[in-house]
Structures are given as C-alpha cells and as structure tokens.
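Asks: Residue numbers (this note's numbering), protein chains in the order written: chain A, -1 to 369; chain B, -1 to 369; chain C, -1 to 369.
No lab work stands behind these hints: they were computed from the structure. Predicted model only: the values in this text are computed from it and were never measured. Hints are not guaranteed to be accurate.
Because identical chains cannot be distinguished in the list, a pair is counted as satisfied if it fits within a single copy or across any two copies.
[What the hints assert, rightly or not] Keeping only pairs whose Cα atoms sit at most 25 Å apart, straight-line, the calculated DSS-like set for lysine-lysine is:
hint, residue 1, residue 2
1, K22, K67
2, K334, K67
3, K98, K334
4, K334, K63
5, K22, K5
6, K8, K334
7, K8, K54
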Amino acid sequence: QTVNESKFGKGLQFVAADSSFSLKFSTRFQLLYQGGNTPTTGNWDDRFLIRRARLKFDGFAFSPKLEYKIEFGLSNSDIGSDVPDLTNNADNIILDAVAKWHLTPNLQLWVGQTKLPGNRERVVSSQKLQFVDRSLLNSRFNLDRDAGLQLRHEHQLGPVVLREIGSISMGEGRDITVNNTGGYDYTGRFEILPFGAFEGDGDYVGSDMEREQTPKLALATSFDYNSNTARAQGQLGDFLTERRSLRTWFVDAMFKYRGFSAMGEYADRKAPDGPVVLRDELGDVTETFVTGTALNLQAGYLLPSNWEVAGRYTDFNPTAVTGIRQQDQYTLGVSKYIVGHSLKVQSDVTLIQEANREDRTQFRLQMELAL
Amino acid sequence: QTVNESKFGKGLQFVAADSSFSLKFSTRFQLLYQGGNTPTTGNWDDRFLIRRARLKFDGFAFSPKLEYKIEFGLSNSDIGSDVPDLTNNADNIILDAVAKWHLTPNLQLWVGQTKLPGNRERVVSSQKLQFVDRSLLNSRFNLDRDAGLQLRHEHQLGPVVLREIGSISMGEGRDITVNNTGGYDYTGRFEILPFGAFEGDGDYVGSDMEREQTPKLALATSFDYNSNTARAQGQLGDFLTERRSLRTWFVDAMFKYRGFSAMGEYADRKAPDGPVVLRDELGDVTETFVTGTALNLQAGYLLPSNWEVAGRYTDFNPTAVTGIRQQDQYTLGVSKYIVGHSLKVQSDVTLIQEANREDRTQFRLQMELAL
Amino acid sequence: QTVNESKFGKGLQFVAADSSFSLKFSTRFQLLYQGGNTPTTGNWDDRFLIRRARLKFDGFAFSPKLEYKIEFGLSNSDIGSDVPDLTNNADNIILDAVAKWHLTPNLQLWVGQTKLPGNRERVVSSQKLQFVDRSLLNSRFNLDRDAGLQLRHEHQLGPVVLREIGSISMGEGRDITVNNTGGYDYTGRFEILPFGAFEGDGDYVGSDMEREQTPKLALATSFDYNSNTARAQGQLGDFLTERRSLRTWFVDAMFKYRGFSAMGEYADRKAPDGPVVLRDELGDVTETFVTGTALNLQAGYLLPSNWEVAGRYTDFNPTAVTGIRQQDQYTLGVSKYIVGHSLKVQSDVTLIQEANREDRTQFRLQMELAL
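Generate the whole structure from the sequences, applying the supplied hints.
Replies: Structure below.
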C-alpha cells in the first residue's frame, strides 16, 4: 500500500496500492480530574479517571463511494451496561459501526449504528468540545446513538448550504441484542448555513479553531418521535415497566467569527400520554420518563495564543409531574489548545443550582491526546 | 518494514524489513436486521444490531515456520458470558489466540485457543457463509472453540489430498479461567479431497466464489469425545449440576463446480450415561445435555452477476428423553457478493417447524464489510 | 509517514512524515498451562488459558518531549472487575493510559493511569519475567496501577545512576469511575545503580538477557502511604466496610553479570490502626486488610544456548491478628528464550507450604509471543 501524509491529529493513514480501500487508524484518551465540595459534608470529593479511550477505524471500502467507520470505546465510563439482560450480559464496546454509501454526490445512505441527527452538541465529537464535557441539556435530552438507517442530503442555493437528514432506528439505543420493544424511532433534521460552509466542518467543532475570516452561521432544527419506547430517556436510561411515545424538538445554532464562537440549543421533550409510570404508596414518583425543556447557551473567544475563555449557561426544566428537580448551571471554561482539539488541556468550573438543594460547585481539569 | 501488496479483503499487510515478522491486520463488521411474525401475538418482532465486529491480527513471528493468529470479538453477541463465575466476571473478548508451528511442510502443531476440528460449517469463517448465519445443526452440536493442542497433517496421494487432525483440549470452551471440570476433550478429524485441493481453500468457504473449472469434492468425518463435561453442549451452554461424557460424530461434505456448490452435514451426539440431569416434581426435565442427531443440506448457484440463490434444509432430532422439541427448518437465501465475502449483502427467509408449536417464519438481511 | 526499522519484538513502528508523531503498535499473548495435585482429593487439577493478551500503543505526540502509552488488556484474567459498582459495571480493559512530559532531559512528569513506583518485580513487565509469573510477595503487597501524577528524576554522579520518583494517586487502583474514597496514595522511590546503567534497561528485565560484561547492580527502596483506603490490599482486593491507612516499605535489588542474575525484595506493610475490620460471632476474622512482611529471593543463570535455570524462594508472613495463613514457596524454573522475552517457553514447579495445610506442588508451562 502507499501511505498518505499522516499528521498528528489526523491518524495513521493507509491507502491500498490498488486503491481498493483506505484505512485511517487513530486512538485517543482523555484524562479527567473532577472535584467539588459536597454541601452536606463540606468535604472536597474528587475522582481522577480515564474518561474516554477510543480506537477508531475509518476509510473507504472497495470504492470511494462506500465509506465505513468503526469506533470502539474502552473506558469503563463508555462501556458499562445498565441493562445487561438486553445487551447479552456484555459491555457496550461498539460505539459506531456504520457504512456510508454515497448514492449521489449530494445524497448518502447510512446503515448501521451511529449518532442520530439530534442536537448539535451531541453530534460534535467528544474530542472537539469547547468545555470539558457536554451540557446538562445534552445529558437529559440527547438522542445518542442508535441502530438503523439515515438518509442525508446536502445541497447549495447560491452561497447558502442546506442539509436535510431523515432517520429510522430501533429506538432503544446502542448495542441492544434483543428484539425491539415497542415501535421505532423517527428523526428528521434540517440545517441551513446562510453564509456558506464553515472552514474545517467547523459547524460541528467546538471553538473557532479556524478563526473564520467572515461570519459563519448554522441554524438547525431536529424533530424526533420515539414510538413506544421503554427507556426513561428514549435511547438511554433505565428500562421502565411501561412504554411511552416521546416527542422531542431541538433548535440549535452555531456562530463563528474571528476566534469568537457561540452555540445555542433548545430542547423540548413531551410524552403525550404522561411521563410518569409508577408511584409508591405515598404518591411519590418512582418511575418516570424524563420530559420537559432545556436551554443551553455558550460562547467563547480563542486568543491568538490558543488560550480560550468560554462561558455556558444551562437551564433544565423538567415537567413538574415527574418530580425531577429543576436545575441551572453556570460554567466558566479555560482551555489551552496546544494542537487544536488533538492535544489540549481544558478546565471548567460550574455552579450548580438545583431546586430545594444547596448550591454546589464542580471543578474539572482534562487533558486530551488524540493521534 | 516493507509493505506487502495490501488489497481490499486481504487486510493491511506488513513485513518487517529484516523479515523477522509479518502482521496482517483486518477488521470487519456485520449489520444484521432480523424479523419475524410471533405466532402467539401476530406481531412483527424485529431487531437490528451489530452482529459481529472483529479485530484480527495474524502473520508469522521470528520464522515463517511459526505462525500466530489473534482474533478479538467486540460485539455484544460475541462476548457476553453466560458463566461469569468461570470467566473471572469478564466478557469473552478473545476468540482466537493460537500459535501454529510448522514441524514439517506437512505437519503443524497448534497451541492455544481456536476452533476445534469439528463440523465443516463451524470451521468456515462467519465471514464466509452462504447464508446469513450458520444452521441449527451447528447451533445445537458444534464443538466451538476450546483451549488445547492440535496436530494437523496434510499429504497427497496422486491427485487426492488427505488430512488428519487430532486435538486434545480442556473441553469447556473458550475463555474459561478456572480449573478444568471433569476430563478433557478429544477430537479426531479425517478429510479426503478426491479431486484435489479447491481453489482458494474453497472447501472451507461458502458458495463457489472461484467457479471451479473441474468438480471438486471434500468428504470428512470428525469424532469427538468430551469426557465428563459440565456444559449442556460440551463447549457451550449452561453449566449443569452433574457431568456427562459426550460422544459426537460428524460426517460432512462440500462439492463445488462452475458456480454450483453443495454442502451436507450429519451430526450424532450421545451421552452414554443419559443426557437428563434433573427433573422437577412433575417429572419435567429441568436440566439436560443436548443430545440427538441433526442433518443439514444446502446448495446454491452463483450467477455470473455474483447474485446467488441458495436453499437449505435442516432437521434437528433431539433424544426423546431430553424433552427438547424436534425442529425442521427450510431456508431460502439470496445474496449479492459485491467483493466476494468481503463486501456483500445477504438475505434469507426461514420456515421454522417445531413440534407442538405453530410454524413461524424468520427474515434476515445482513451486510458484511471486511477489510 | 516514513516507517522505522520494525523488528520482531519491537512492534510495528511508524513516524509521521512531518515528524509530528510516532506510533509503535504491538500485541502479545501468553498461553498458560497450570496444574497441580489437590491434596484433599489427590486429583491432578489443571487449566489451560490465555493468561494475557494485550494491545499496546506508544510513541510521541506533537513533540518528542511528550510521550504517551496506551495498553489494553483483553484476557479475562486481566479485565474481570471484582467491584462492579465502582467500575460502572464494566470490564477493566485499560491498563495504561498515560502522558509522559519531559520537563527537562532528566525530569519527567507522568499524568494518567499506570504502574506506581513500587516493588521492582511489579514494574518489570509481565512479558519480561524470569518465571512464569510474579511471586507471592507481589500478589500480596504490590502497589499495582493507579491514576494520578508521577514526578520522575534521573541523574548521574560519576558512574553512579540515581533516580528519585514521587507519586500522588487516588489510592483505589485502576479503572475506578466513582469518587475517591478516603484520602490519596503517596509513593516515593529512590534507586541507585552504583556501577552504572544496565544494558537494555536490564534493571527492569528478568534474566540477564544482555549478558552484562561488567557487574551491574541496582538497589532501591520505596515507601507508600495509602491514606484511608477501602480495599483490602490498597489498590487491589475487596472493598471493606471500614477504611485504614496503610504504610508499605519495599527494599529491592537486582544484580546481573555474564548471564547470572539475582533479584531480591522485602516488603513490610502495616495498618497503624489495626488491619482487622470485622469478626463474626465466634471471633473469626471475616474482613481484614492484608498486612505483614514478605521476602522474595530469586536467581538464575542464562546458558549460552539461551536455556535458563532459575530458583526462587518466597516467604509471606502476614500479621498474626489477620488470621491469614503464613506461606512459603520454593520455585524451580526452566526457560528457553527463543527470541529473548518476545518468543519464549517457560516452565516452573513450585512447592507451596502453608501453615496448617498439607504441602502442595504446582506446575506451570507458558508460551509468550510478543510482536
């Protein structure tokens, strides 16, 4: 095989001599220190762990029209299964295993397991975040990965880039080995980039690494209908004793200009038949789907020295009947990007305000190393 | 290192500059959709999953006379452990880890964990099957993988190729970390290829990919004696409260000619001391070894367009005393081999007739992508 | 990328064309047969398993001053979790994930998860042992791997090499995903090599592979203070219902000269507040930290034919109050190093004398294959 120009951050790249396939291999890990004062005890409680460790293989197979991607998670945080009965008592090592067929230059069919076209923050790689990790909006409402089909179309109207994505998936999330419970999950997403494409696909990268010379904007909305799901958060969470159909709307935006970047997301999830499944004798909720709304706003400025200061505000408003606590988070992040998102140190401090609980702060410091 | 001619389907190949070792790396995955009507409810029940995802490393170490192979399974279907006490509470990620020492040009000693020389269908790679997956004969009676020694001899008498394989293994299957329960497992296999070797080792490949220009036939028989095993199927299945010795005979054949291929297998497993271990108060069997006979016949024709139509008939006749249901399966398969077994889409429909149950049909559609 | 001179035992080596990163990939496995007479039954009980199977990635990232190492364990023996609640119900696949920053030519800062600077025998790779596996001293008292920081300094005074290593880590061992219980772990180590550095870093390699032409000696002492740990052996073992601070001293030495090698270690672990945590109604210990002392002495001679004969004596003296049995082990090892520690067959026989138990012997035979 001939070897492409491998470069730090771009993985080891191979192309077969007869151009019959290509393979890019990369590996990465995140070292995370996380600590905070526990209000009840006043103690500083902390942990230090390998937050993520991944092996990634992608390229084309037989024809450049057929791309593939396989990504394995190997850290405990990534692979623990909450639902061993449904995952063959095995760890969930496979993150992505997907074939991408270019039907036309503008139209792709994806088959396999990968991220659904949900909120922007989720689709941004965990390697390319502006903060140490994603926001509370994401952890409550994101669509995560699922197994199924995606049809992805992109076209241009003058300078304006438009994307339409439709997806049908099983609805219970990744690495399920048993029969589908209830119905499927249907997702639609529409994106518009009025000032054209971002440099380096920057509409799905945290921070303005490319320092856009002209303002760039991406606006998008996603709608998801998860029919008769059994999990508290659709693709994630505990399996509950009853099923509900969940309707989720996302609206999100990314803006970048000369080192400044801003991202906003709004999520709204409803269970038309009511989220609560089970109450105990006292009437307290013991099983419920997670519904409600959330807002996440964040912005940062990348200094010429590749230091960045960024702020984030997240508001989570669960449906009252669920009994889940309302929560606000204020985050201040400071990052040093040594080689973009491939070698960086990020830190953030978050003030967490939960209803009927004392405020608390959380500190995180993370190093990312990605070949 | 110099790099060999890598080619799609042959993996990434490396040979050290000083020829002190070689390494072929490949990865593959199978995307499986499976559905069927559940007779009791009339519902269409289905699943979509990553059926297999593998990493494979093989080559020679130090001398071409010493080959090695390591294969890891990473999909939940491959790695879930039914017997956590006996596998150190860990997933069974290792499929093969074996050293193959060429004692003479015709004689090899294998040490480690790999497939036993049992029925042909089992030894054919899951990548190279004629249907979406192996037959019921195989799932009931195959010898699977085990840890031990194999002595493998091959020689020729005129055009006739003969192979003799003997094996001693621990008898309880792969990835067991505790002491051997009961005795060992002894396997012998004898193969005869009266019209010479198949093109591309086709006697262990589903479908006549090479379109043999002269008729090719392989006949074989295996005998296995698993002394005092504790698992219901020898190397597989639940650990039972008593042990039995199991005797298994296989007779199998493969025939190929100009795109036509046929494979047949017959299996007969006995537990001389009786398969049933435990009955409940009503006399119903609650624990039993799986014994009886099975027959599998399949044939297909590969069209010049690389579409194939194939049929399969499987009959499973468990020993009456076990109380296991007798079962017949009729399968029709349609496959499109885009690049042989390395990039293909396969589908099959199976009519399942179980004793004292309503007939049901199962539909499967699978894509294979293997570097 | 340009490709370095890969060589058997040195892995596949890659350096990016722009020298922006390097990657060395290697894989290895150990096939272990282990058997022994069980005194109570008189039976020969044995097992055959893949003792270790590893994937290893190391090199530098962006600058030669920043090295990284990632090592994954894949055999059940390596990855089973005893404490699923604390490891996110996942297997412990990650052995090492560490970044090594060369602050100056003599000073390195390590961040991440890797072996602590404890006893020499533990730090020697499991690939490079003189016997089939490490001694009883190690299995009772070693510090294993942990997540944290290490500062490592090396300097020379004339021919004498000196090393000082300090470490702060979380104290509960590898792959913990929850908050730190109790305090941190503090480790210090001091090494002196009075006759200069060993060939091929031989002070951390079993057997005198390099056949030192002049006598080489390494002397070292480590002290570890694991504050308020919850695990019976600090970084290893069950989580107990109470916490103790553990103080551990190690003194160790390695000597090599013309094929002869000797290694000695002494360990002393105390729990100042008493090791015993829980007793049953009869006063028998049901939960205790493992404290006491141990001595390990071993020596071997590597013949010109690369056969080696070696002997080992290990004495384990647990604190009387713990009720753990005192134990002595006498081991005789015979090894054939075909290509150093990369391709070898090792065997050993151990006589095990436990207090108040019948003596027993254990036999082991192991093959190592490491690219």
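Asks: Are the hints correct? Go through all of them and say.
Replies: Now for the hints, and whether the structure bears them out:
no.	hint	in the structure
1	K22 x K67	both (9 Å within a copy, 19 Å between copies)
2	K334 x K67	between (29 Å within a copy, 22 Å between copies)
3	K98 x K334	between (34 Å within a copy, 18 Å between copies)
4	K334 x K63	between (37 Å within a copy, 18 Å between copies)
5	K22 x K5	both (11 Å within a copy, 15 Å between copies)
6	K8 x K334	within (19 Å within a copy, 34 Å between copies)
7	K8 x K54	both (11 Å within a copy, 19 Å between copies)
Of the numbered hints stated above, none is contradicted by the structure.
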